[in-house]
Amino acid sequence: MTTQRAFFVRLRKYYLLFTGGFAAFLVALAMLEQEGMPRVWIGYLFMFATIILYATIGVISRTSNVTEYYVAGRRVPAVFNGMATAADWISAASFISLAGGLYLNGFDGLAFIMGWTGGYCLVALLIAPYLRKFGQYTIPDFLAARYASGADGRGALVRVLAVGATIIVSFTYVVAQIYAVGLIASRFTGVDFSVGIFLGLASILVCSFLGGMRAITWTQVAQYIIIVVAFLIPAMWLSVKHADNPVPQIAYGKVLPQLSAREHRLEQDPKEQEVRDIYAQRARNYQAGIDGLPASWEQGRQAAQKQLDKLRQRNASLFDIRNAERYLLAYPKSPDEARTLWENALAVNLKRAEPITPHAQPFPAPDRAQSDIKRNNFLALVFCMMLGTAALPHILMRSYTTPSVHETRVSVFWTLFFILLIYLTIPALAVLVKYDIYSALVGTQYAQLPTWVSYWANVDKLSPLISIVDVNRDGIVQLAEIVIDPDVLVLATPEIAGLPYVISGLVAAGGLAAALSTADGLLLAISNALSHDIYYKVVDPTASTQKRVTISKLLLLAVAFIAAYAASQKPADILSLVGIAFSLAASTLFPALVLGVFWRRANHYGAVAGMLAGFGVCLYYMLHASPLLGGGPAGQWFHIAPIAAGIFGVPAGLLANLIVSCITPPPARRCVGLVDYIRTPE
Amino acid sequence: MDKSLERSALLARRAAHWRATRRLTAILLLVWLLTGFLTVFYARELLHLNLFGWPLPFYMAAQGASLIYLAIIGLYAWRMRRLDQAFRDAIQEQQA
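Here the protein sequences come in this chain order: A and B.
Position 152, counted from 1, in the first sequence is what the working numbering calls 152; the numbers after and before it change by one each time, with no gaps.
Position 82, counted from 1, in the second sequence is what the working numbering calls 764; the numbers after and before it change by one each time, with no gaps.
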């Protein structure tokens with residue numbers, strides 16, 4: 001007990017020193033910016049300083065000891081384990097995309113906040129303490145021991161299935177993280193996207209490659225501190241600006257009614273209506289074009305050609321001729337291409353022609369039935385996110401690292417506490433930024449647009465992160481003329497709030513820390529599943545500890561490169577990838593984990609059937625209903641969006657486990673003994 | 683004889699501890715379920731209610747529910763610690 005206490009005190013001293021050093025670094029950079037240091041340098045300094053920091057912690061914590069490598073020696077105090085789990089948890093999607101999603105979707109975006117916090121109740125009450133009592137290394141370890149079968153009693157089939165689920169879930173998730181690393185690095189330092197990916201990859205590798213769980217735990221604590229500072233400073237600043245109160249979580253209660261009033265005024269504004277009418281007109285034009293295919297495609301092409309000829313003959317301005325040429329070049333090459341392009345354009349214009357929906361309005365829809373569909377989707381999404389949280393291997397793996405069962409319970413409390421420091425700020429930030437944009441940006445002259453608009457509009461020319469076009473040509477910004485990508489909101493907040501560029505660099509470093517910390521945990525979960533569960537437990541049970549750790553490190557390297565390669569192919573957007581991972585985890589692993597603890601009768605056959613059924617139903621529904629994966633809205637059941645496929649997968653997995661367990665022989669005595677053991681207090 | 687008596691007493695203690703754990707878990711899970719479900723299901727009906735300036739459903743979804751979840755986990759850790767302690771004390775008493 002006293003050694004534990006001494007360890008805790010020493011850790012606290014280190015991290016306080018670290019925080020102080022980080023603050024000094026910030027102040028020094030702010031002073032350098034005052035002296036006129038260029039922006040690019042600030043970006044470089046932030047990126048390299050933090051990456052070197054993580055690598056240093058990784059080198060200091062290097063280890064080849066099995067217990068240290070897999071579970072950080074089981075001596076991480078609850079508070080620090082909570083902090084590390086929080087960093088593990090707060091991904092690029094949470095840090096960068098979530099606030100933007102709330103900005104765009106208002107109430108309906110809160111499903112992620114509710115789901116991702118509520119999931120920790122399930123972790124704390126149903127899974128984590130029992131895993132800690134079990135006291136091995138990975139999630140497949142637990143499932144294989146609990147559902148052991150056959151003469152050798154190793155439960156190899158359950159283990160392999162669990163490893164498969166772990167890899168599929170963690171891999172989709174890790175690709176999204178590495179993608180985000182590339183994005184942030186390339187935007188803030190101007191390096192190429194793939195160079196950014198490999199820079200991030202290097203820092204992940206130095207850290208987890210050398211020291212496994214031990215190194216990533218201590219790095220994640222440092223990363224959490226950076227994340228929280230980076231997220232809170234701009235939010236607090238905005239909060240002081242709009243509500244004279246430095247606590248954004250409390251202050252935005254005052255701003256929300258002001259925002260509603262502002263929304264109401266803009267809704268009545270004739271200029272806004274004028275812009276929306278223009279979009280509606282464009283949508284009608286596209287609709288007419290689609291209806292008239294293929295003849296309309298030919299007419300349109302000729303009209304464009306004629307327009308260009310006319311401009312040339314008339315000696316019109318070079319600008320107009322260029323535009324006409326560009327239009328002709330971009331004109332669809334065939335009627336089929338025209339159909340897809342115009343249908344997209346129709347959807348975009350219809351969306352922009354919609355009236356403003358109030359931020360706090362739940363499930364806005366033209367009629368009750370559609371609103372009910374939105375509500376049901378909200379509930380389904382919350383359900384999937386909660387159960388998915390409670391089944392993510394890289395989070396559950398962390399319940400093995402504390403000194404005792406009690407510490408594990410407390411550590412989940414601290415985890416949610418540290419997550420909430422960020423998650424309670426996200427809705428506040430969304431409201432504050434929205435109010436700022438609605439009241440300051442809307443109504444300004446086009447000649448006097450703030451510089452951050454042009455900066456962020458030019459970062460990615462192909463798909464602009466923010467675009468403001470004077471649609472009705474009155475020289476004044478209307479709300480309907482602004483299009484903001486949700487991913488840019490958090491990154492641009494410091495500039496929107498009028499903070500110095502140092503804070504922008506800090507926010508980028510925070511986003512980088514969020515993506516890197518999650519990627520660390522995920523890569524370790526994958527490589528441990530491969531090395532410990534497949535190599536050691538199935539292929540070669542006689543392998544020496546030295547060999548096991550070496551194999552694990554090599555596998556980590558291989559998986560990291562495959563993930564980086566996948567990310568460099570720029571797959572579909574971050575949030576939808578992560579959503580897929582949650583539903584799959586919930587459907588496959590959750591029933592087996594919970595029934596394994598709470599139902600003695602659950603046996604090997606039930607577990608196999610349940611995992612296969614859950615995974616199968618979930619995957620089938622995604623393929624069937626998701627346009628990204630080749631299905632379509634016509635394949636939806638009860639109008640549930642494919643991101644919430646777990647709502648069908650989890651019951652399928654539970655039912656299959658229950659039914660098959662009941663009609664097959666009861667589990668072996670050893671398995672029942674294990675259940676009794678994990679239920680008994682230490 | 684004495685040995686088997688001791689063993690059955692231990693098993694009874696274990697069973698009692700597990701029953702208490704299960705009861706606590708069930709109650710807290712019910713609170714968890716109601717918090718999430720009621721907030722979402724009746725969001726439109728409760729929109730006119732106000733809490734410190736927020737519409738009640740918005741506050742619950744953005745902050746209230748999460749804080750209740752935190753409280754559930756805190757309460758669980760605290761109660762379980764006491765249950766575990768009681769179990770250990772009883773075992774020690776029996777051995778003494």
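Watch out, some of these pointers could steer you wrong.
[As the list claims (entries may be wrong)] Here are the simulated lysine to any residue pairs, SDA-like style, with alpha carbons at most 25 Å apart:
#1 A:Lys-254 to B:Ala-694
#2 A:Lys-133 to B:Arg-695
#3 A:Lys-374 to B:Ala-697
#4 A:Lys-570 to A:Asp-269
#5 A:Lys-133 to A:Ser-186
#6 A:Lys-133 to B:Leu-720
#7 A:Lys-133 to A:Gly-635
#8 A:Lys-133 to B:Leu-728
#9 A:Lys-374 to B:Leu-728
#10 A:Lys-310 to A:Ser-296
#11 A:Lys-13 to B:Trp-714
#12 A:Lys-254 to B:Gln-774
#13 A:Lys-254 to A:Asp-277
#14 A:Lys-133 to B:Phe-734
#15 A:Lys-13 to A:Val-40
#16 A:Lys-133 to B:Ala-768
#17 A:Lys-133 to B:Ile-709
#18 B:Lys-685 to A:Ile-678
#19 A:Lys-241 to A:Thr-56
#20 A:Lys-13 to A:Glu-35
#21 A:Lys-133 to B:Trp-760
#22 A:Lys-351 to A:Lys-553
#23 A:Lys-374 to B:Ala-772
#24 A:Lys-133 to B:Phe-723
#25 A:Lys-133 to B:Tyr-724
#26 A:Lys-553 to A:Ser-186
#27 A:Lys-133 to B:Gly-746
#28 A:Lys-351 to A:Lys-241
Keep in mind that the hints were calculated from the coordinates and are not lab data.
In this text the structure is predicted, and so the values were computed from the model without any measurement.
Consistency of the hints with the structure:
{"no.": "1", "hint": "A:Lys-254 to B:Ala-694", "in the structure": "violated, 56 Å"}
{"no.": "2", "hint": "A:Lys-133 to B:Arg-695", "in the structure": "holds, 18 Å"}
{"no.": "3", "hint": "A:Lys-374 to B:Ala-697", "in the structure": "violated, 45 Å"}
{"no.": "4", "hint": "A:Lys-570 to A:Asp-269", "in the structure": "violated, 40 Å"}
{"no.": "5", "hint": "A:Lys-133 to A:Ser-186", "in the structure": "violated, 44 Å"}
{"no.": "6", "hint": "A:Lys-133 to B:Leu-720", "in the structure": "violated, 34 Å"}
{"no.": "7", "hint": "A:Lys-133 to A:Gly-635", "in the structure": "violated, 44 Å"}
{"no.": "8", "hint": "A:Lys-133 to B:Leu-728", "in the structure": "violated, 43 Å"}
{"no.": "9", "hint": "A:Lys-374 to B:Leu-728", "in the structure": "holds, 17 Å"}
{"no.": "10", "hint": "A:Lys-310 to A:Ser-296", "in the structure": "holds, 21 Å"}
{"no.": "11", "hint": "A:Lys-13 to B:Trp-714", "in the structure": "violated, 37 Å"}
{"no.": "12", "hint": "A:Lys-254 to B:Gln-774", "in the structure": "violated, 56 Å"}
{"no.": "13", "hint": "A:Lys-254 to A:Asp-277", "in the structure": "violated, 33 Å"}
{"no.": "14", "hint": "A:Lys-133 to B:Phe-734", "in the structure": "violated, 43 Å"}
{"no.": "15", "hint": "A:Lys-13 to A:Val-40", "in the structure": "violated, 34 Å"}
{"no.": "16", "hint": "A:Lys-133 to B:Ala-768", "in the structure": "holds, 18 Å"}
{"no.": "17", "hint": "A:Lys-133 to B:Ile-709", "in the structure": "holds, 23 Å"}
{"no.": "18", "hint": "B:Lys-685 to A:Ile-678", "in the structure": "holds, 24 Å"}
{"no.": "19", "hint": "A:Lys-241 to A:Thr-56", "in the structure": "violated, 38 Å"}
{"no.": "20", "hint": "A:Lys-13 to A:Glu-35", "in the structure": "violated, 33 Å"}
{"no.": "21", "hint": "A:Lys-133 to B:Trp-760", "in the structure": "holds, 17 Å"}
{"no.": "22", "hint": "A:Lys-351 to A:Lys-553", "in the structure": "violated, 49 Å"}
{"no.": "23", "hint": "A:Lys-374 to B:Ala-772", "in the structure": "violated, 53 Å"}
{"no.": "24", "hint": "A:Lys-133 to B:Phe-723", "in the structure": "violated, 37 Å"}
{"no.": "25", "hint": "A:Lys-133 to B:Tyr-724", "in the structure": "violated, 40 Å"}
{"no.": "26", "hint": "A:Lys-553 to A:Ser-186", "in the structure": "violated, 28 Å"}
{"no.": "27", "hint": "A:Lys-133 to B:Gly-746", "in the structure": "violated, 32 Å"}
{"no.": "28", "hint": "A:Lys-351 to A:Lys-241", "in the structure": "violated, 32 Å"}
Hints 1, 3, 4, 5, 6, 7, 8, 11, 12, 13, 14, 15, 19, 20, 22, 23, 24, 25, 26, 27, 28 from the list above are not met by this structure, while the remaining hints are.
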